[in-house]
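*Asks:* Here are the chains, one letter per residue:
Protein chains: 2
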Amino acid sequence: MEKSQNGEHNDDASSICGYDSLHHLLKDNLKPHHFQEVNRLLTGLNCGKALETIALPDSATALSVEHGFDIQAFHFHADKEVLREPRVVRVGLIQNSIAIPTTSHFVDQKKAIFEKLKPIIDAAGSSGVNILCLQEAWMMPFAFCTREKRWCEFAEPVDGESTKFLQSFALKYNMVIISPILERDINHGEVIWNTAVVIGNHGNIIGIHRKNHIPRVGDFNESTYYVEGNTGHPVFETAFGKIAINICYGRHHPLNWLAFGLNGAEIVFNPSATVGELSEPMWPIEARNAAIANSYYVASINRVGTETFPNPFTSGDGKPAHADFGHFYGSSYISAPDASCTPSLSRNRDGLLVTDMDLNLCRQYKDKWGFRMTARYELYAETLAQYVKPEFEPQVIRDPLLHKRS
Amino acid sequence: MEKSQNGEHNDDASSICGYDSLHHLLKDNLKPHHFQEVNRLLTGLNCGKALETIALPDSATALSVEHGFDIQAFHFHADKEVLREPRVVRVGLIQNSIAIPTTSHFVDQKKAIFEKLKPIIDAAGSSGVNILCLQEAWMMPFAFCTREKRWCEFAEPVDGESTKFLQSFALKYNMVIISPILERDINHGEVIWNTAVVIGNHGNIIGIHRKNHIPRVGDFNESTYYVEGNTGHPVFETAFGKIAINICYGRHHPLNWLAFGLNGAEIVFNPSATVGELSEPMWPIEARNAAIANSYYVASINRVGTETFPNPFTSGDGKPAHADFGHFYGSSYISAPDASCTPSLSRNRDGLLVTDMDLNLCRQYKDKWGFRMTARYELYAETLAQYVKPEFEPQVIRDPLLHKRS
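Taken in sequence, the protein lines are chains A and B.
Using this note's numbering, the first residue of the first sequence is number 1157, and each one after it goes up by one.
Using this note's numbering, the first residue of the second sequence is number 1157, and each one after it goes up by one.
Hints are computed from structural coordinates only; laboratory data are not their basis.
Note that the structure is predicted; figures quoted are calculated from it, not measured.
Wrong hints could be hidden among the right ones.
All copies of an identical chain are treated as equivalent in the list; a pair is satisfied when it fits inside any one copy or across any two copies.
Quick list of in silico lysine-lysine cross-link-like pairs, DSS-like style, CA-CA up to 30 Å [said to hold, decoys possible]: (1) 1475 x 1236; (2) 1272 x 1236; (3) 1524 x 1274; (4) 1328 x 1272; (5) 1522 x 1475; (6) 1524 x 1305; (7) 1524 x 1236; (8) 1274 x 1560; (9) 1545 x 1522; (10) 1560 x 1328; (11) 1522 x 1305; (12) 1328 x 1475; (13) 1320 x 1236.
Here chain A stands alone, though its shape is the one from the complex (with noise of 0.2 Å):
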């Protein structure tokens, strides 16, 4: 199913190319110092400091084999302190396509989602993965481009039976889970909103983050289904870290990754959902960037595949109206404080990322570079005190001499 989903209406670069992705690209067709070089400069491993990876158990690899999915698994190293023991997390990324048409019974869909996702959780959970986080509305097809409402009834309150399919896994495997759906508001006037919900490794419902910035570009005007969402930057202290969620287009927002940092996350998750021709150049840009600049990971998720829907709409974009908005290009990967980064999962196939870090690189990068106490908040929120006022009037200085003819 997968690959019908996925082939038909490809045809961007990746076909052309027939890749996997840009690091089996580049080690592929560069002579191995070349690569290592090339490597030092776009993921920040200096030599000799090459990404370890992961040996995992047979049973996940064999999964992954059987049905199909990449795995991948790395390992980020922190200096070995005095003061503290090492705090290694175990973190787990799953991305993946539809399982079975958008034309099918809502039902079928949701539950061919769940069949498709058990083997790779499963996986997860027998590698030892401390925090699982799946993408972006994993429960259903990503039908926010059609504008049509009928696609609302995938919403699900908090507790529904997504959370109740995960929290069977938590507790199963002793594992957090992060749980991006489509949320349903019962108790505020059945309002939808993009929510994830975190599950605690006892399989309890811990709490929930909603969606803080939504996108009107392009197909993604989300804005028709639920809108900027109403509970802050909230850091869920886990039993395995301090994490948080910015879901999706939040990462496009400096501000949204500062203020989950400045209430102490240690790792940010991002699932996403996002198409090459928008936004496939800033996809290895935004992520790394917020790592550096809050000294905390940033776990990325992309969906994949090519989803297409029963009728087709535009994009306001003058072209003719079609049934699908391009190709999710997964590339889901992890960055680090110290600017380094995994390499990608693949741009088409499913996979499962599982990544080793120690939480203690943060605040060793606070120390090293000092962002926070170099950052003078003061200043910024006097700033944005001021832009806020309708009155607000920039600092501007005017060259006297503008219209003086040369």
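Chain B: place on chain A using the hints.
*Replies:* Structure of chain B alone, referenced to chain A:
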């Protein structure tokens, strides 16, 4: 002279691979169709939308050959608008090593840099550059690693000899020049600042900006010499557009980039001095992120070569005293609001980067992505106002089962 400054202590990866820049390393070693796709992913240039090069006048290329500096020229396009004409501005960036050893008489050192820059500035002027920017503290070696106060003698008043030197070029070529110097503030107790002087195209001084964020990292303990700037985030309205200057370490601070954007900057220059070991993997990330997030162009400049000082100094890293602090890796480049960027200048040679950019692209990308519209500044003004209070408490949702045994 440049060779001896560059060669002796340059034992980093560049000498291993013997390449000039990442762009050339990839272009020279990948098959054309692979390079095209890698370039799309890395520089945001979609197929069929490659960055055009500009043909420069023979006089400019002759100067580059005669004086041995890299010269490259590109053109960013914007869509045609109905109600506005294109506003194409030609920007020039100069990166250079120092000219004679740091053991020479201070007068000779400064004079030698002037002499070295003359043909490069002439090449910019004869290429029709509208706005030219030099590197951070261009009129001296970047001696701040030494912590020796005698280098303060290089500091000049805003209207000192370095400004006068450049004013003549500004007038001659009808060119705005940004001149980052070490400033001596005569009227305020002779304190020192890290300052950019903005010279108008009539040779007049439009104003100054002082570096907002001061590093205390590795060898860059610059607060030995100067503290955080007191000039806010001015945008200079010049004959060729609204520009601002984010000096060096300020590029790590998203709020600094933001404030220049809020004041209306269309091009933000980032004159820098930074070395490979410390920051090279961050270099292609932060400026591009700022250009994306703030819908403006960013022009990044870094020094070139290794500067060796008379007296060894330590770096707070437990290593033996040494007399240089590594290789300034050049790699100056320009980022656009559409996430694209130019190739970088050489990692090893002096260079002039000339780039045409249609300033209309800034507003076009504000309209397309709507980052300003969706930014929720009120929320963050409140967040920062709370954060700077001593009694601030982060928004943390703690798992109530945190200490339950599995």
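*Asks:* State for each hint whether it applies.
*Replies:* Now for the hints, and whether the structure bears them out:
no. : hint        : result
1   : 1475 x 1236 : between (56 Å within a copy, 18 Å between copies)
2   : 1272 x 1236 : neither (40 Å within a copy, 47 Å between copies)
3   : 1524 x 1274 : neither (42 Å within a copy, 38 Å between copies)
4   : 1328 x 1272 : within (18 Å within a copy, 69 Å between copies)
5   : 1522 x 1475 : between (48 Å within a copy, 21 Å between copies)
6   : 1524 x 1305 : between (50 Å within a copy, 24 Å between copies)
7   : 1524 x 1236 : within (14 Å within a copy, 46 Å between copies)
8   : 1274 x 1560 : between (71 Å within a copy, 26 Å between copies)
9   : 1545 x 1522 : between (33 Å within a copy, 20 Å between copies)
10  : 1560 x 1328 : between (76 Å within a copy, 15 Å between copies)
11  : 1522 x 1305 : between (46 Å within a copy, 28 Å between copies)
12  : 1328 x 1475 : neither (49 Å within a copy, 49 Å between copies)
13  : 1320 x 1236 : neither (39 Å within a copy, 52 Å between copies)
Hints 2, 3, 12 and 13 from the earlier list are contradicted by this structure; the remaining hints agree with it.
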